[in-house]
Amino acid sequence: MKQPTDIELPPIDDLLHEPARLRLLAFLSVVRRTDFTYLLKLTGMSKGNLSVQMNKLGDADMVNIEKSFAGNRPRTIYQLTDTGRNALRAYKKNMHIILEALPD
Amino acid sequence: MLNNTHAIERRVFRTFWADGLLDLFGAVGVFGIGMAWTFDLVVVGALVPAVLVPLWQPLRQRLIEPRLGLVEFSEQRERRNNARLLTTALFGVGTLILVVALYFGRTRLGMDAPVSLIAGLPAILLAVLGIVTAFLTASPRFLAYAAILGGFGIGGAAYGLEPGPILVLASVPISVAALWVFLHFLRQNPVAGDAA
Chain S
1 MKQPTDIELP PIDDLLHEPA RLRLLAFLSV VRRTDFTYLL KLTGMSKGNL SVQMNKLGDA
61 DMVNIEKSFA GNRPRTIYQL TDTGRNALRA YKKNMHIILE ALPD
Chain R
1 MLNNTHAIER RVFRTFWADG LLDLFGAVGV FGIGMAWTFD LVVVGALVPA VLVPLWQPLR
61 QRLIEPRLGL VEFSEQRERR NNARLLTTAL FGVGTLILVV ALYFGRTRLG MDAPVSLIAG
121 LPAILLAVLG IVTAFLTASP RFLAYAAILG GFGIGGAAYG LEPGPILVLA SVPISVAALW
181 VFLHFLRQNP VAGDAA
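Here the protein sequences come in this chain order: S and R.
Numbering of the first sequence is given in the numbering used here, commencing with residue 1 and proceeding in unit increments.
Numbering of the second sequence is given in the numbering used here, commencing with residue 1 and proceeding in unit increments.
No lab work stands behind these hints, which were simulated from the structure alone.
Here the structure is a predicted model, which means the values were calculated and not measured.
Watch out, some of these pointers could steer you wrong.
Not the full set, but computed from the structure, chain R residues with beta-carbon under 7 Å of chain S [to be verified]:
| id | residue |
| --- | --- |
| 1 | Ile8 |
| 2 | Glu9 |
| 3 | Val12 |
| 4 | Gly69 |
| 5 | Leu70 |
| 6 | Glu72 |
| 7 | Phe73 |
Virtual Cβ for every residue (Gly too), placed ideally from N, Cα, C.
Okay, chain S solo, but in the shape it has when bound (with noise of 0.2 Å):
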């Protein structure tokens, strides 16, 4: 018989493991589409921190960044991908099965 300390746990995505990019990829998994100054006001990060979070988020293919204009201002629209979706799914399934895992 497996000890606890045996359990095979499986791994969890360090890059969705961080509470900034984890909220926004959990509210573009809700929308068709959004784009900054719509996160921005929900998560009420900085302009910056958000830019940034984006930014890896994009570089690893997990949201479509789409740049247009709205009249004469910039525009940039996200898009959750399908990579993007999976790794959602499996982050939470991985957590929660570690969290199955702890003890009381």
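Knowing the structure of chain S, use the given hints to seat chain R on it.
Using the frame of chain S, we list chain R on its own:
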């Protein structure tokens, strides 16, 4: 796996309606319908929503989106919203027809005794629409508007007022509150460049 998203989606959705534009539309609608009833132009009152609806999208794009940003909800949420809006619209039209029929047919129906109560019905039915809107938009403040409409409906009818003045009077506190929400939103959310 990502099916427990209701709370997050609700949060995103509530933010979408927090700007006060819908509140202003509601206030103008109540005032317009009230004025139409006051001058015995009930049919014109029924047209007030038809006049307001086309203004919604351009005003939202011009005043709200530059400040709040853009969001497109999931297809599932869009379908649910459209179904609820259709139900609300049908309910609104149905109740309006019922109220107009009751109001003008009260003598023939032998309902002279509770005439004063009937005068409050339009406001009370708009209060019901306010409650529906609160659930549709996940915005509890519409329950307050519903309470105002309901209170003015019952109070105004008991005081012997006609439907028109009741609605016009009820639109005053609603307009003040709506304007406050809207101006607060504009102050808190200046148009800002996209720093991404």
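Original post:
Going through the earlier hints one by one, which of them does the structure break, listed in rising order?
Top reply: none
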